[in-house]
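Add chain A to chain E, keeping to what the hints say.
Letter by letter, the chains look like this.
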Amino acid sequence: MSTLTDPPKEQFRLSMLLYDTRYRSATIQVVAMFGFMLLAAWLINNAIINLNTLGKPVAFGFLGETAGYDINQRLLDYSNQDSHMRAAFLGLLNTLVIAVLGCIAATIIGVVVGVLRLSSNWLVARIMTVYVEMFRNVPVLLWIVLIFAIVTESTPHPKVYKGLDTGAVVVTNRGTYLPEPLFSRSLGDIHLFGNSSLRFDVSIDLIAILIVLGLSIFAAMKIRQRADSIQEATGDRPRTWHTRAAVLILPIAALLLALGFHLGYAELKGFNFKGGTHLRNSLLALWLALSLYTAAFIAEIVRAGILAISKGQTEAAAALGLRPNKTMNLVVLPQALRVIIPPLISNYLNLTKNSSLAIAVGYMDITGTLGGITMNQTGRELECVLMLMLVYLAISLSISAVMNWYNEAVKLKER
Amino acid sequence: MKNKVILGALTIAGLAAGAAAAGTLDDVKARGKLNCGVTTGLVGFAAPNANGEWEGFDVAVCRAVAAAVLGDSTAVEFVPTTGKTRFTALASGEIDMLARNTTWTFSRDVDLKFEFVGVNYYDGQGFMVPKELGVSSAKELDGATVCIQTGTTTELNLADFFRSNNISYEPVPIETNAEAQQQYLAGACDVYTTDASGLAATRATFDDPSAHVLLPEIISKEPLGPLVRHGDHEWGDVVRWSLNALVAAEELGVTSANIGEMAAGTENPEINRLLGTEGTLGEMLGLSADWAKNAIGAGGNYGEVFAKNIGEDTPIGLARGLNAQWTEGGLLYAPPFR
Numbered sequence: 001m002s003t004l005t006d007p008p009k010e011q012f013r014l015s016m017l018l019y020d021t022r023y024r025s026a027t028i029q030v031v032a033m034f035g036f037m038l039l040a041a042w043l044i045n046n047a048i049i050n051l052n053t054l055g056k057p058v059a060f061g062f063l064g065e066t067a068g069y070d071i072n073q074r075l076l077d078y079s080n081q082d083s084h085m086r087a088a089f090l091g092l093l094n095t096l097v098i099a100v101l102g103c104i105a106a107t108i109i110g111v112v113v114g115v116l117r118l119s120s121n122w123l124v125a126r127i128m129t130v131y132v133e134m135f136r137n138v139p140v141l142l143w144i145v146l147i148f149a150i151v152t153e154s155t156p157h158p159k160v161y162k163g164l165d166t167g168a169v170v171v172t173n174r175g176t177y178l179p180e181p182l183f184s185r186s187l188g189d190i191h192l193f194g195n196s197s198l199r200f201d202v203s204i205d206l207i208a209i210l211i212v213l214g215l216s217i218f219a220a221m222k223i224r225q226r227a228d229s230i231q232e233a234t235g236d237r238p239r240t241w242h243t244r245a246a247v248l249i250l251p252i253a254a255l256l257l258a259l260g261f262h263l264g265y266a267e268l269k270g271f272n273f274k275g276g277t278h279l280r281n282s283l284l285a286l287w288l289a290l291s292l293y294t295a296a297f298i299a300e301i302v303r304a305g306i307l308a309i310s311k312g313q314t315e316a317a318a319a320l321g322l323r324p325n326k327t328m329n330l331v332v333l334p335q336a337l338r339v340i341i342p343p344l345i346s347n348y349l350n351l352t353k354n355s356s357l358a359i360a361v362g363y364m365d366i367t368g369t370l371g372g373i374t375m376n377q378t379g380r381e382l383e384c385v386l387m388l389m390l391v392y393l394a395i396s397l398s399i400s401a402v403m404n405w406y407n408e409a410v411k412l413k414e415r
Numbered sequence: 001m002k003n004k005v006i007l008g009a010l011t012i013a014g015l016a017a018g019a020a021a022a023g024t025l026d027d028v029k030a031r032g033k034l035n036c037g038v039t040t041g042l043v044g045f046a047a048p049n050a051n052g053e054w055e056g057f058d059v060a061v062c063r064a065v066a067a068a069v070l071g072d073s074t075a076v077e078f079v080p081t082t083g084k085t086r087f088t089a090l091a092s093g094e095i096d097m098l099a100r101n102t103t104w105t106f107s108r109d110v111d112l113k114f115e116f117v118g119v120n121y122y123d124g125q126g127f128m129v130p131k132e133l134g135v136s137s138a139k140e141l142d143g144a145t146v147c148i149q150t151g152t153t154t155e156l157n158l159a160d161f162f163r164s165n166n167i168s169y170e171p172v173p174i175e176t177n178a179e180a181q182q183q184y185l186a187g188a189c190d191v192y193t194t195d196a197s198g199l200a201a202t203r204a205t206f207d208d209p210s211a212h213v214l215l216p217e218i219i220s221k222e223p224l225g226p227l228v229r230h231g232d233h234e235w236g237d238v239v240r241w242s243l244n245a246l247v248a249a250e251e252l253g254v255t256s257a258n259i260g261e262m263a264a265g266t267e268n269p270e271i272n273r274l275l276g277t278e279g280t281l282g283e284m285l286g287l288s289a290d291w292a293k294n295a296i297g298a299g300g301n302y303g304e305v306f307a308k309n310i311g312e313d314t315p316i317g318l319a320r321g322l323n324a325q326w327t328e329g330g331l332l333y334a335p336p337f338r
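In order, the protein sequence lines correspond to chains E and A.
Numbering-wise (full-length UniProt numbering), the first sequence opens with residue 1 and increments by one.
Numbering-wise (full-length UniProt numbering), the second sequence opens with residue 1 and increments by one.
Next comes chain E alone, as it looks inside the complex (with noise of 0.2 Å):
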């Protein structure tokens, strides 16, 4: 009888790495990789000999200068004495402006058009058809140009307003201005970041609305929360919607009244209107072409999504004698979100680095501070073009992970 013995250890031979299949894909990868690390180290080392060669070794000293310029929309306090870096954060602010402003209207649109494409009443959906592929087929710089050209030239010179009871809403060729919410008895602004180019202005005002809103809203949840418990345990179903209202509506009315809210018109004064909320014409016209191109992306994404749902769930719907619209916002609605949301992400993350054509129509956004004057008085291409290029990455990357996050929350939980 034979002993039964550990099979022989398999020595390791450096030719293994090679004729080995078990360790070959991994070496053919760390080659490869080194490959790839020496191309991108000769790459970069070739760029930095060549500015030095130039004499523009790579720096980034000239975000501390003066600037210089002026910026017609700016959120923050800024005069052409501020730092490159200043002019660089309100370009920035100006950025994220027209992304949130542009996903909120392209959602919006973008909904009710997909939604509107699969009408079963013939002329509405031709019509949104239309609007579909006329948007999705043509470049979006064009719809910028020709809107900002439409508002532009179809709208009258601020003088036409002389001696006119302007009203509270004026449209001229430079803008429409909105009454302006002001407080006379404001609570001023906390300053942040002392007297840094990244230096922040809050208005305490705007914090107190925000508070006493967040907490009116979560009050009226509580209140609904209660009547659905009562609801399940009595069958009764007590009406709220009175306190509710009231809860939602009287402190913030009684917070508008402590600080003295009225409303500031904008007023013809020399050249321009002065005062009032001024939605620069560049930024409507980017607002508008961006958030209908791609919402135009976005009602066909949404038509994907309804279409993905099995028509028995309308049916079914239909046989408990839901309405058509409840059946769309209570059945369908909520299951197609699942197939909707991850390429609604795309479409979020395209309208924001489409933004980056506001040059084009003037609108100075991070691409025409810090990618545009920034970088042509200083000379710094380089330096600003890696610059603007982390900015979106990092927009780009918050909003895949908020939009992510989202997508976890509303997808099939299977238990």
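I should point out that these hints are in silico values taken from the structure, not numbers from a laboratory.
Idealized CB from N, CA, C, for every residue including glycine.
The reader is advised that the hints may include incorrect statements.
[To be verified] Listed below are the simulated PhoX-like cross-link pairs for lysine-lysine, each with C-alpha atoms no more than 25 Å apart in a straight line:
{"hint": "1", "chain 1": "E", "residue 1": "Lys353", "chain 2": "A", "residue 2": "Lys131"}
{"hint": "2", "chain 1": "E", "residue 1": "Lys159", "chain 2": "A", "residue 2": "Lys139"}
{"hint": "3", "chain 1": "A", "residue 1": "Lys139", "chain 2": "E", "residue 2": "Lys162"}
{"hint": "4", "chain 1": "A", "residue 1": "Lys139", "chain 2": "E", "residue 2": "Lys274"}
{"hint": "5", "chain 1": "A", "residue 1": "Lys131", "chain 2": "E", "residue 2": "Lys162"}
[As the list claims (entries may be wrong)] Below, a sample of chain E positions facing chain A; criterion: calculated Cβ distance under 8 Å:
{"hint": "6", "residue": "Gly68"}
{"hint": "7", "residue": "His157"}
{"hint": "8", "residue": "Phe271"}
{"hint": "9", "residue": "Gly275"}
{"hint": "10", "residue": "Gly362"}
{"hint": "11", "residue": "Asn376"}
[Said to hold, decoys possible] Here are some of the chain E residues that sit facing chain A, going by a computed Cβ distance under 7 Å:
{"hint": "12", "residue": "Gly55"}
{"hint": "13", "residue": "Lys56"}
{"hint": "14", "residue": "Asn72"}
{"hint": "15", "residue": "Arg174"}
{"hint": "16", "residue": "Glu267"}
{"hint": "17", "residue": "Gly270"}
{"hint": "18", "residue": "Met328"}
{"hint": "19", "residue": "Gly372"}
{"hint": "20", "residue": "Ile373"}
{"hint": "21", "residue": "Gly379"}
Just chain A, lined up with the frame of chain E:
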């Protein structure tokens, strides 16, 4: 297959190294064509005519350099650049020289690493407003909306002017002159500001030029001139002295009409040196002996170029003013050709 990839990479590396080392003059000669950066279109200075040929005051500098180097004033590839793209185009080597009413400033010369080879137009920044606005001075422009080309010195001067006069304005940033003109005429801005010569050139193309006035204030010095990359001194010399040749030719009375006769030899030794019948100036530059004759023959001397493109007999109607010869009270002064 793998070997080919590696060889390809090495070739690219070799080319990249080669491009950095060779001089622009040799490149231009080898290419047989001068790449010259101009504006995207400013009538009188650089704009394509009805036949698609570029012409204008800045274009004439390009043509003179091409004629000096290659003996052919048409061997020019015109590259339209905006205020924003011009420096990148020059620094990256896409163009050999830039002749695009660009202001000679300290930071562009020193920090951006360019070399201004001279001044072909002494200018200053002005303002244009519609006559019906009733404005007679730039200091009355408080609160006005101003169209401004981005990435220019005018943008910085404008900010300085309004700040030092304690008045406010609303800038409308714009990429090109054509766009600015369209915005200004549509009334989207009250004022258009750029170099006074550019304003005059722009106004000349309006349907009714008399409805617009140039305000009296000139708020800055704008010496406009051609520039090349820093560090390539041979090439810088070629462009510098081609420009000087045009200026000197006017002073010396050499015109496109009499250049043939003068090139046969004259009593004046400086003309002889300039036109190559005496001395070796061309050889010193690495060019043929008749380089300056070609440059002047391309479009005439400085005075002729001025008169033909932007002078008082053209729609643009600029007076010589500061741009007259030093002998006539102007600032034009070419160093001696000796």
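For each hint, the structure was consulted:
1. As the CA atoms of lysine 353/E and lysine 131/A are separated by approximately 42 Å, the hinted pair breaks the 25 Å bound.
2. A threshold of 25 Å between alpha carbons decides the hint, and for lysine 159/E with lysine 139/A the separation of about 20 Å falls inside it, so the pair holds.
3. A hinted pair counts as satisfied when its Cα atoms are at most 25 Å apart, and lysine 139/A with lysine 162/E qualifies at roughly 22 Å.
4. Simply put, lysine 139/A and lysine 274/E have alpha-carbon atoms about 19 Å apart, close enough for the 25 Å limit, and the pair holds.
5. The suggested pairing of lysine 131/A with lysine 162/E holds, with an alpha-carbon distance near 18 Å, which does not exceed 25 Å.
6. Because the smallest distance between the Cβ of glycine 68/E and any Cβ of chain A comes to about 4 Å, under 8 Å, the interface hint for this residue holds.
7. For histidine 157/E, the shortest C-beta to C-beta distance to chain A is roughly 5 Å, which falls under 8 Å, so the interface hint holds.
8. Evaluation of the phenylalanine 271/E hint against chain A yields a held restraint, the C-beta minimum of about 4 Å falling below 8 Å.
9. With a least beta-carbon distance of about 12 Å to chain A, the hint placing glycine 275/E at the interface is violated under the 8 Å criterion.
10. Checking glycine 362/E against chain A: minimum C-beta separation of about 4 Å stays under 8 Å; hint holds.
11. A hinted interface residue such as asparagine 376/E counts as satisfied when its beta carbon comes closer than 8 Å to some beta carbon of chain A; here the least separation is about 3 Å, so the hint holds.
12. For the restraint placing glycine 55/E at the interface with chain A, the shortest Cβ-Cβ distance is roughly 5 Å, inside the 7 Å limit, so the hint holds.
13. For lysine 56/E, the interface hint holds, since its Cβ comes within 7 Å of a Cβ in chain A; the closest pair sits about 6 Å apart.
14. The criterion of a C-beta within 7 Å of any C-beta in chain A is met by asparagine 72/E, whose closest approach is roughly 5 Å, and the hint holds.
15. Interface restraint check: arginine 174/E against chain A, minimum CB-CB distance 6 Å, threshold 7 Å, status holds.
16. Given the 7 Å rule on beta carbons, the hint for glutamate 267/E is violated: about 12 Å separates it from the nearest Cβ of chain A.
17. The restraint placing glycine 270/E at the interface with chain A holds, with a minimum CB-CB distance near 4 Å, inside the 7 Å limit.
18. Interface restraint check for methionine 328/E: the shortest CB-CB distance to chain A comes to about 43 Å, outside 7 Å, so the restraint is violated.
19. About 6 Å separates the beta-carbon of glycine 372/E from the nearest beta-carbon of chain A, less than 7 Å, and the hint is met.
20. With 7 Å as the threshold, the beta carbon of isoleucine 373/E comes within range of chain A, its nearest partner Cβ sitting at about 5 Å, so the hint holds.
21. With its C-beta approaching chain A no nearer than about 4 Å, glycine 379/E sits inside the 7 Å limit, and its interface hint holds.
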